[in-house]
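In full-length UniProt numbering, the protein residues as written are 1 to 543.
No wet-lab data here; the hints were simulated from the structure.
Keep in mind that a hint or two might mislead.
In silico BS3-like pairs for lysine-lysine, Cα to Cα no more than 27 Å straight-line [what the hints assert, rightly or not]:
no.: 1; residue 1: K389; residue 2: K75
no.: 2; residue 1: K219; residue 2: K311
no.: 3; residue 1: K389; residue 2: K432
no.: 4; residue 1: K431; residue 2: K504
Just the calculated beta-carbon pair ranges, DEER-fashion [stated by the list, open to error]:
no.: 5; residue 1: P411; residue 2: E502; range: 51 to 61 Å
no.: 6; residue 1: Q169; residue 2: C463; range: 40 to 50 Å
no.: 7; residue 1: S165; residue 2: K504; range: 18 to 28 Å
no.: 8; residue 1: R224; residue 2: A166; range: 33 to 43 Å
no.: 9; residue 1: Q170; residue 2: N31; range: 31 to 41 Å
no.: 10; residue 1: S163; residue 2: A198; range: 53 to 63 Å
In this text, all values refer to a predicted model and were calculated from it rather than measured experimentally.
Glycine included, C-beta positions come from ideal geometry on N, C-alpha and C.
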Amino acid sequence: MSSRESMEYDVVVVGAGPAGLATAIRLKQINPDISVCVLEKGSEVGAHIMSGAIMDPIAINELFPNWKELSAPLKVEVKEDEFFFLTETKSYKVPAFLLPPCFKNEGNYIVRLGDVVKWLGQQAESLGVEIFPGFAAAEVLYHEDGSVKGVATGDMGLNEDGSPSANYQQGMELHAKFTIFAEGSRGQLGRELIGKFALDANSDPQTYNIGFKELWEVKPENFRPGLVVHTGGWPMPTDTYGGSFIYHLDNNLVAVGYAIGLNYSNPYMSPFEEFQRFKTHPVIRKTFEGGKRLSYGARAITAGGLLSLPKFVFPGGALVGCEAGFLNASRIKGSHAAIKTGMMAAEAIATNLSSGSESNVITDYEVKFKDSWLYKELKQSRNFKQWFKKGLFVGTLMTGLEQKFLQNAIPWTIHNKKTDHESLKPSSECKKIDYPKPDGVLSFDRLSSVFLTNTNHEENQPCHLKLKDKEIPVSVNLKIYAGPEQRYCPAAVYEFLDVGGEQKLRINSQNCIHCKTCDIKDPKQNIVWTAPQGGEGPVYNGM
1 MSSRESMEYD VVVVGAGPAG LATAIRLKQI NPDISVCVLE KGSEVGAHIM SGAIMDPIAI
61 NELFPNWKEL SAPLKVEVKE DEFFFLTETK SYKVPAFLLP PCFKNEGNYI VRLGDVVKWL
121 GQQAESLGVE IFPGFAAAEV LYHEDGSVKG VATGDMGLNE DGSPSANYQQ GMELHAKFTI
181 FAEGSRGQLG RELIGKFALD ANSDPQTYNI GFKELWEVKP ENFRPGLVVH TGGWPMPTDT
241 YGGSFIYHLD NNLVAVGYAI GLNYSNPYMS PFEEFQRFKT HPVIRKTFEG GKRLSYGARA
301 ITAGGLLSLP KFVFPGGALV GCEAGFLNAS RIKGSHAAIK TGMMAAEAIA TNLSSGSESN
361 VITDYEVKFK DSWLYKELKQ SRNFKQWFKK GLFVGTLMTG LEQKFLQNAI PWTIHNKKTD
421 HESLKPSSEC KKIDYPKPDG VLSFDRLSSV FLTNTNHEEN QPCHLKLKDK EIPVSVNLKI
481 YAGPEQRYCP AAVYEFLDVG GEQKLRINSQ NCIHCKTCDI KDPKQNIVWT APQGGEGPVY
541 NGM
């Protein structure tokens, strides 16, 4: 084959989410002559974006002080916060005066983050940023000295065996002085870079949640625009991190979701089914009875916070947003952090380019972060996930103590040294969980849920879910852990079948909604998520 064609830019951004687009926008705001392109693996900008979401406007105020005049889709201001602790049949509302600041949302907005990202994409293009949706960055390119040179997009039109089909199209190389990686949680290329440059050598192991979300149209009498509800407790056991959100938008639309820490230990747990049965709780179901489920999605959430944050600068580029892990898990917010990190990276790059410096390491980005309001915010909540790893009671008590009473004077730091994939216990040590059958009214099965994600993959292409060792799923996962991939996957990608009297793992990769849970939770780290052809995967339509 001939060598790949290439294009040259000052800056290449991988990922058109809030962090990546904020990077591109800020660069053009500072210097319109800086050439910037953004690659997006989704079929359109916003297609793969899924979040709760409550948005703190602090960062967008800095990026676009006139965002209201520009018709940014931040329209539903939070009017009321409620928090409930649940048992299986009862609920206990926490008095407002006892809520720590992380659960108070005055001045914030309930948004559909996919719509916000689409709007950011429009602003970026109006400033001259080149955005290429439908092109997945599949490979990091390096100079001879080991520094990052850019990225290459994946080949299109490959047969299942990897050979070129009649529709074959070779990928293209994009070279830049700086390449910014904004793939979101557990990004494929970010994972490679963290390993290559040992960026996480001095940080705690990163920890993750799996987050689910559904968008419902509810009956008018059940709708309270601007209401924010969070819950803890049931259906999670007290030793497992988990909690819900219910956000009332506009036009009778309510977002409901559940997040579960991927450090859970029982291999029989099914996070998807835990979310479904959560909706059947008496205090929850009353909002959704008589309503209609419109959409569904799931996504890994990088939740380790400041203590798990790797170094995010390396020769030739940087990590921004959830690629590095800037989300504040205690506030259940990451979009403001993503925008801020993109802005700081852009400002550091612009200074470097204008100075004529020959250095390709933007150390100013790290300096700016340490001096920012974001660093202070993450420092205050640094122990949140670590406390909740010790159980619901300890997590609740210590989060309240730290954030409500100690605030910026927390005298201790709690470290975590265990990865999520190391947390599963053998199935022989755990109790099976009998989940109720979905009723098709409030609770649903996986396949009908995946249908709502509008997911599409060309079936005749190499499987993008790679197994390092094809024997491990049966010899280890099934034998020791009862095949947990059947349960932790929210999209029915993995199933064990009896073939001629032997168990075999089948990977239904066309169902994949790019949540990355398998890449995180597989007990032997045998599953590696890679990008399929560009333009494939879910289309979330404003989730």
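*Hints broken by the structure, by number, lowest first?*
Checked against the structure, the hints that fail are numbers 1, 2, 6, 8, 10, while the rest are satisfied.
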